[in-house]
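For the protein sequence lines, the chains are W and P, in the order given. Each residue of the first sequence is one higher than the one before, starting from 1 at the first, in the working numbering. Each residue of the second sequence is one higher than the one before, starting from 1001 at the first, in the working numbering.
Watch out, some of these pointers could steer you wrong.
[To be verified] In the DSSO-like style, the derived pairs of lysine-lysine whose C-alpha atoms are separated by at most 27 Å in a straight line are:
hint : chain 1 : residue 1 : chain 2 : residue 2
1    : P       : LYS1231   : P       : LYS1133
2    : W       : LYS51     : P       : LYS1346
3    : W       : LYS51     : P       : LYS1282
4    : P       : LYS1052   : W       : LYS94
5    : P       : LYS1335   : W       : LYS109
6    : W       : LYS159    : P       : LYS1101
7    : P       : LYS1346   : W       : LYS97
8    : P       : LYS1101   : P       : LYS1232
9    : P       : LYS1260   : W       : LYS107
10   : P       : LYS1125   : W       : LYS159
11   : W       : LYS159    : P       : LYS1282
Just so you know, the hints here were simulated from the structure itself, not pulled from any lab data.
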Amino acid sequence: MTDLNQSRTEQIQRSLAKRYRAEKRFRLYGTMAIAFGLLCVVLLFSDIISKGYRAFQQTYVQLEITYDANVLGVTDVGDSQQVALGDFQGIVKKALKARFTEVAGRKAKRDLYGLISNGAGYTLRDRLVANPELLNQTETLWLVADDDIDTYYKSIGSKAGAFIGRTSEGRQNWVAQLVESGDIELRFNRNFFTHGDSREPELAGIRGAAMGSLFTLVVTIMLSFPIGVAAAIYLEEFAPRNRWTDLIEVNINNLAAVPSIIFGLLGLAIFINFFHVPRSVPLVGGLVLTLMTLPTIIISSRAAIKAVPPSIRDAAIGVGASPMQVVLHHVLPLAMPGMLTGAIIGMAQALGETAPLLMIGMVAFIVDVPGGFTDPSTVLPVQIFLWADSPERAFVEKTSAAIMVLLTFLIVMNTLAVVLRKRLERRW
Amino acid sequence: MKKTHKLAIAGAAMALTVASGTALAAARDYVSIVGSSTVYPFATVVAERFGKSTGNPTPKVESTGSGGGMKLFCSGVGTKHPDITNASRRMKVSEYQLCQKNGVTDVVEVLIGYDGIVVANSKTKEPFQLTRKDLFLALASQVPGPDGKLIENPYNTWKDVNPALPNTKIEVLGPPPTSGTRDAFAELAMEGGAKKFADLKTLRGSKDADEIKALMEKLGIPASVFNKKGKKVFKAVAHAIREDGHYIEAGENDNLIVQKLEANPNALGIFGFSFLDQNSDKVQGSIIEGVEPEFDTIANKSYPISRPLYFYVKKAHIGVVPGIDGYLSEFSSEKAWGEDGYLAEKGMIPMPEELRAQYADSIKNQKIMTGEEFK
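Working from the sequences, and respecting the hints, build out all of it.
Below you can see the structure in the form of structure tokens.
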């Protein structure tokens, strides 16, 4: 017997080192998995940020602009008809000609006029309307440069060398002259936050898409939260346990896993083709996303209600509360943090969704910033998709910048969910 | 009590949604445009300029693809249907018939310009000198073998296809079948290459059932493909692109193809001319039949792979939806689609002057399609 025991102890001792090694390896695999995940996140973020940070700056050129009434064809700034027809791009051209007097020939002049964005005229128009006394006056202004110039100017001094593919030699010379006199510089890109989409990269902004996302999410939360919470309360607190409720439960769980494009098709068939809600508006987008987020909200709300201890219900009933009072006065307030967390995560998911919106016409070019639930609009992820698909080089950095904006929103929403849970959660 | 209020609000919101939806469908104060993703960059520029210069609401442009746009456009007359559809190919007879069936009988067709399709590679390598025949032999799923019968494509390297080409693996990144670029590439490059084979060329022109059957026998095409029109059988052969890994479907995003070409200098990519124009520091276009893809060679049609771009307008909507006529006149103005217009700046190849005049005229007089166009 003692022999046997000894040999067993020996055996264990011999295998002990092996077991420790296995243990160590096992932990190492776990650490490696986390390290790999973190590495991917770091790579993603550094790639996006390194490509996108330049989009927050824009190349501006300083010019001396004369609001010449003859060139503009405007004699009375109060006359909106005259102002609408005014040749504001003309005064920009004149200012460029005055700055570079040596330029002659039709082609060279066309090249020269291309230094400044087509949108500059509209900026000047708005300025003149706001300050009518400027007519026939001269002022020095910073104007947005064309996107080709912007790409060129930003690429000067980069490792790969300046991108001259779309910048002729003449333009390179003019830019060099402007650099020398300090009349060209990178400034904060306000347009990016105040404008809607545009086909001119230097004028394109995120505001239209951000407002579209906001309106869409308002519709989604207004509908999905009350409906989801009501469904969860009924199923948890009142519904009898039978085959029907089982069937409903299985279906809700299945719906949560349905690919989102299916909800888009459903939305197209029901909301647009049957109820004739107009295409491409936040209202229909919100309705479709409601369908998509409902299962998520119902499931998380049910889990939150389940987590409320039965003793609280029993105590309430014990002092004479009706079932509705039990739910409204006790269960719901205690389950609310969990429900809110679920709702916020559902909203974050809805914010990043493009596929269902494809079917209902929200993948569209929309310049005007939407002002309500029934104005045509797009959303942030769609804007990223559209910019990523545009040929102009300057849209590459705009795409990354838009991704940064979207990620910021997502991080804020998820942090909010965590904070709410930490703040309001109660332990029993 | 608060919670019950919330539920009531939700119910009211639902009811409102449906009610306001029905009311809103009646009126629309902005132009609705759908269609091709190739025309999208051009249509959007015009839409934006039109909106900014007139103060009208900017037209809404959706990128649905040529086929998807036609389907929406032809689904009926009324403000819930789009006013204009863009296409990177001409309307098909079947689509015209669909329009007619749904009461869209007054369609105005406008040709706006051309777009070149380029076969490009990374700038770190020599440019390719290709013919359409090379492209067909390299990319078709079945090619004529030594005895004239069609065989599964045996070529692995460009040198196998044409001894003058480099000895690198055939690797072409291109758009998927849903794309208009793919349709146009098949029609212009692949068909052009297939026509270089005598049997296939006769098959294309043939309308005689016996001759078609004999040719199909000779080429080894299964009888199930038979069609009264030899052209259809020909297309079935010429449009079939190989699926054995040498042609890689890279999605609809042309920027992505450019990035992949940069990473893989041995691969070729197929995309629209405007992307080549914007990325000329990274990629270069292959010389097709001795002609480089350039603005001028596409405009004068000496570059063989270029396609027409169209849009179609519902006459019934002009005057009902505000802004259509303004958008049309902006589009057909010389400063937009002219030789030096802003669309040319964006990479569209303008039409010759007499065609511009002709289509500006059909816009002005709202010339309706009669169905004769397809004859």
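Exercise for review: Mind checking the alpha carbons of LYS1052 of chain P and LYS94 of chain W for me, to see if they're no more than 27 Å apart?
Suggested key: Satisfied, since the Cα-Cα distance of roughly 22 Å is no more than 27 Å.
Review point. Are LYS1346 of chain P and LYS97 of chain W close enough, with their CA atoms no more than 27 Å apart?
Key: Roughly 24 Å between the alpha carbons, so the hint for LYS1346 of chain P and LYS97 of chain W holds.
Exercise for review: Starting from LYS1231 of chain P, check that the Cα of LYS1133 of chain P is at most 27 Å away, please.
Suggested key: 18 Å, holds
Check your understanding: Is LYS1125 of chain P within 27 Å of LYS159 of chain W, Cα to Cα?
Key -> Satisfied, since the Cα-Cα distance of roughly 20 Å is no more than 27 Å.
Exercise for review: Starting from LYS1260 of chain P, check that the Cα of LYS107 of chain W is at most 27 Å away, please.
Suggested key: 35 Å, violated
Exercise for review: Assess, step by step, whether the Cα of LYS51 of chain W is no farther than 27 Å from the Cα of LYS1282 of chain P, and give holds or violated.
Suggested key: 17 Å, holds
Review point. Given the hint that LYS1101 of chain P pairs with LYS1232 of chain P, does the C-alpha gap stay at or below 27 Å?
Key: The given pair, whose Cα atoms are some 25 Å apart, holds under the 27 Å limit.
Check your understanding: Quick one, are LYS1335 of chain P and LYS109 of chain W close enough, alpha carbons at most 27 Å?
Key -> 16 Å, holds
Practice item. Decide if the proposed pair is consistent with the structure: LYS159 of chain W and LYS1282 of chain P, CA atoms, cutoff 27 Å inclusive. Key: Cα-Cα ~14 Å, so holds.
Review point. Given the hint that LYS51 of chain W pairs with LYS1346 of chain P, does the C-alpha gap stay at or below 27 Å?
Key: 23 Å, holds
Review point. Are the Cα atoms of LYS159 of chain W and LYS1101 of chain P separated by 27 Å or less?
Key: 60 Å, violated
Taken one by one, the earlier hints fail for this structure at numbers 6 and 9, listed in ascending order.
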